[in-house]
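A.B. asks: Take a look at the letters that make up each chain.
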Amino acid sequence: MADAIDATSPDFREDRERSFAGWLLVILGVFIALAGVAMAAGGIWLISLGGSWYYLLAGIGLAVAGVLLLFERLSGVWLYLAVVAATVLWALWEVGMDAWQLLPRLLALAVLAVVLLFFIPHLRRRAVARRRILHETRQGMTT
Amino acid sequence: MRRAKVICAALLFAAGQPAMAEEPGDWAVYGRNNAATRYSPLDQIDRSNVDRLERVWTYRTRDLPPEDLDEKWAPETTPLKVGDTVYLCSAMNIMIALDAASGREMWRYDPEVSTDNIPYSASCRGVAYHAQPALPEQRACRERVIEATLDARLIAVDASTGVPCAGFGNNGHVDLLVGMGEPAPGFVAATSPPTIVAGVAIVGHQVLDGQREDAPSGVIRGYDAVTGELVWAWDLGRPDETGAGDTGPYTPGTPNAWTTFSGDEELGLVYVPIGNSSVDYYGGNRSEEEGNYSTALVALRADTGEVQLAFQTVHHDVWDYDLGSQGTLVEFPMGRGATAPAVILPTKAGDVFVLNRRTGEPLTAVEERPVPPSPLPDESLSPTQPFSVQMPTLAKPEIRERDTWGISPLDQLWCRIQFRRANYDGRYTPPSVDKPWIQYPGYNGGNDWGGVSVDEQRGILIANYTDFPMYNQLVPREEADEQGLVALGDPGGSTESAGTVPQAGAPYAAAIRPWRTFLGMPCKRPPYGGIMAVDLESRKVLWDVPLGTARRNGPFGIPSMLPFVIGTPNNGGPAITAGGLIFIAAATDNLIRAMDIETGEVLWEDTLPAGGQATPMTYEAGGKQFVVIMAGGHHFMETPIGDYLIAYALPD
Numbered sequence: 001m002a003d004a005i006d007a008t009s010p011d012f013r014e015d016r017e018r019s020f021a022g023w024l025l026v027i028l029g030v031f032i033a034l035a036g037v038a039m040a041a042g043g044i045w046l047i048s049l050g051g052s053w054y055y056l057l058a059g060i061g062l063a064v065a066g067v068l069l070l071f072e073r074l075s076g077v078w079l080y081l082a083v084v085a086a087t088v089l090w091a092l093w094e095v096g097m098d099a100w101q102l103l104p105r106l107l108a109l110a111v112l113a114v115v116l117l118f119f120i121p122h123l124r125r126r127a128v129a130r131r132r133i134l135h136e137t138r139q140g141m142t143t
Numbered sequence: 144m145r146r147a148k149v150i151c152a153a154l155l156f157a158a159g160q161p162a163m164a165e166e167p168g169d170w171a172v173y174g175r176n177n178a179a180t181r182y183s184p185l186d187q188i189d190r191s192n193v194d195r196l197e198r199v200w201t202y203r204t205r206d207l208p209p210e211d212l213d214e215k216w217a218p219e220t221t222p223l224k225v226g227d228t229v230y231l232c233s234a235m236n237i238m239i240a241l242d243a244a245s246g247r248e249m250w251r252y253d254p255e256v257s258t259d260n261i262p263y264s265a266s267c268r269g270v271a272y273h274a275q276p277a278l279p280e281q282r283a284c285r286e287r288v289i290e291a292t293l294d295a296r297l298i299a300v301d302a303s304t305g306v307p308c309a310g311f312g313n314n315g316h317v318d319l320l321v322g323m324g325e326p327a328p329g330f331v332a333a334t335s336p337p338t339i340v341a342g343v344a345i346v347g348h349q350v351l352d353g354q355r356e357d358a359p360s361g362v363i364r365g366y367d368a369v370t371g372e373l374v375w376a377w378d379l380g381r382p383d384e385t386g387a388g389d390t391g392p393y394t395p396g397t398p399n400a401w402t403t404f405s406g407d408e409e410l411g412l413v414y415v416p417i418g419n420s421s422v423d424y425y426g427g428n429r430s431e432e433e434g435n436y437s438t439a440l441v442a443l444r445a446d447t448g449e450v451q452l453a454f455q456t457v458h459h460d461v462w463d464y465d466l467g468s469q470g471t472l473v474e475f476p477m478g479r480g481a482t483a484p485a486v487i488l489p490t491k492a493g494d495v496f497v498l499n500r501r502t503g504e505p506l507t508a509v510e511e512r513p514v515p516p517s518p519l520p521d522e523s524l525s526p527t528q529p530f531s532v533q534m535p536t537l538a539k540p541e542i543r544e545r546d547t548w549g550i551s552p553l554d555q556l557w558c559r560i561q562f563r564r565a566n567y568d569g570r571y572t573p574p575s576v577d578k579p580w581i582q583y584p585g586y587n588g589g590n591d592w593g594g595v596s597v598d599e600q601r602g603i604l605i606a607n608y609t610d611f612p613m614y615n616q617l618v619p620r621e622e623a624d625e626q627g628l629v630a631l632g633d634p635g636g637s638t639e640s641a642g643t644v645p646q647a648g649a650p651y652a653a654a655i656r657p658w659r660t661f662l663g664m665p666c667k668r669p670p671y672g673g674i675m676a677v678d679l680e681s682r683k684v685l686w687d688v689p690l691g692t693a694r695r696n697g698p699f700g701i702p703s704m705l706p707f708v709i710g711t712p713n714n715g716g717p718a719i720t721a722g723g724l725i726f727i728a729a730a731t732d733n734l735i736r737a738m739d740i741e742t743g744e745v746l747w748e749d750t751l752p753a754g755g756q757a758t759p760m761t762y763e764a765g766g767k768q769f770v771v772i773m774a775g776g777h778h779f780m781e782t783p784i785g786d787y788l789i790a791y792a793l794p795d
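Residue numbers (the numbering used here), protein chains in the order written: chain Z, 1 to 143; chain C, 144 to 795.
Please note: incorrect hints may appear among the correct ones.
[Unchecked claim] Coverage of chain Z stretches by chain C, computed from C-beta distances (three or more under 8 Å per stretch; other residues unrestricted):
id, stretch
1, 44 to 58
2, 65 to 72
3, 103 to 111
Calculated directly from the structure, the hints in this document are not laboratory data.
A virtual CB, placed ideally from N, CA and C, is assigned to each residue, including glycine.
Only chain Z is shown next, with the shape it has when bound in the complex:
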């Protein structure tokens, strides 16, 4: 018989049940995704009134990042940080180094970025576990 999937292996268990960190990520991911959707929707309205394009673009980025995080994808963090980086450039272009004016544009995003950084180790482990299970599955299929 092929090397069956070992239901007792820790990697298998991690794949099937969410850990506490995993559930936090659900909340975070949903929050970021919803914020992204709201931003994109408002962004469309703003564009229709002749306003800035930033919110639609950033909103899409955040919505996708949020969904990725929901699925415990490390790429969600990288996409989120890319949105933050683009936002910093946009904010400096709009208002320069004015602290009060940068606050609404950057503070909330920065706080979330710091929180997300703490999840990177967990997301790396999930990525490794996913590769291992995929590898084992392939191995199981070929023998």
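Since chain Z is already given, all that's left is putting chain C on it; use the hints.
C.D. replies: Same frame as chain Z, but now just chain C:
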């Protein structure tokens, strides 16, 4: 060279000073003198020792809103000090005298004004003092204190005892409602002290905003300060009639003058800043006579009420830019050592006009600049408005989408959408009904009832201002009727004048709101208020800083406790001294501070137990200099209400 200039200025200042011997240790008039300079020559407290200033006594007026009252309270009081006594009024017009050194109550007179008479808020900015030195010392009411009340009475009491003056009007009381029709309580209220020039107490009053077009008259009247007899009435509906002894009826709906006036005893003139016509945001039905004097500074002869000069600061005002600031009278430097007798007039719209106070001609250039026309079919606005171009402005540059604010990207996005949805074309954007419109400066200014201060020795003008846009919209009459908006005087009407105002008689009601998000945070970026110093000689800004910290403001009204200087809306003026200090509270952070007049640096501050929306004052008693402020709070400014009169001095 500079010293020569100072000496020259001092001599000219002495020469041109409205003739009234001012005791250096006194503060005998609301604005320190009839010129309203709010400047005291005291210098015991100066920039080197002000950081040691401490509270020495606190007096409680015990006049607080009753439990069931919808908290429309804003005392806004600046006391007087003459001789050994401090005189003030409380929010509901209780007249009080205190010993100036100890704060001990000497007497108290309660005219029993009902809270039904509260218009916009219970306010009494101050009282007036009048003496007849020629009378024998023991004569009753040789020195008197005069007050104008919320229920439209003029009251005179003996300054030593608080007993009403028997020879004044009807046992100390004069009825200001004579000739006004029969307005509902709260419609006509006096909130400012009378101004006494040439023995005549000149009185205006507030007519409740936004209610109806046939609102009570804005008539200005002069009463004999000794007998209370009506000497003259100036009815803006028939402005060329001298009105001697005219008891009305006065023309309804004319602009009113609710703030404090200033006076020049030598010229025998009283300077009256006039408000807007009813209704505030629509002028299609206004008469021509009203039109000439609304939102204008008018000088009347104190003895006859004849118009001497008039200068309109907003033509056909539909922005509620009524003049709230006192005119400050100074000898204004005109270059090469010359000066001219001037009145400095700051406005809510942000201009600082400087006019010759004899002739009304501008001393600094005024340009009539084109402004947008009205989008309404039944309204016709002035194609231009006057801009005071040679003096710094208190109005800030036009808002752009990027100047919106919030605490996160989402609420800022909301503000950006609101910005794009509204009509906005800079200052004097006309009221509109199809879309909201942004009014900036808002109806709180610019500069408001606090006025400005001038140090003529240093040649510096100090002006604080609010920097907060309004997000307004006109409401068609049918919709207003559906909402049940009823004017005061009709069944169901009330003295509510915030939010949406009925404007009965006009085709539109008006929804008036500060521009904020659903979180209660401002939609425009900080600062929301500031204070600036202007050099009178060069007419340049010496410094301009935000006024007020964020400590008491935050989302959902929850205090953030953050000590950062953010600049807040402010009401109340500065008191300045020869010691080089500006004393000012006014911001919504409940702090009173002392600032360096030459740099704007804050050198001392104290946390007040209630809002500090009042102008402080300073005096000398028993060899000590005191700084006193009324911490009474302000309902519209959302600061805590209180009844504290607090005195500061240096420790022994």
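A.B. asks: Look at each hint and say if it fits the structure.
C.D. replies: Status of each hint after checking the structure:
1. 44 to 58: Coverage by chain C holds here, the residue count being 8 at a Cβ distance below 8 Å.
2. 65 to 72: Not satisfied, violated; 0 residues make the cut.
3. 103 to 111: holds (count 6)
Violation of the numbered hints given earlier is confined to hint 2; every other hint is satisfied by the structure.
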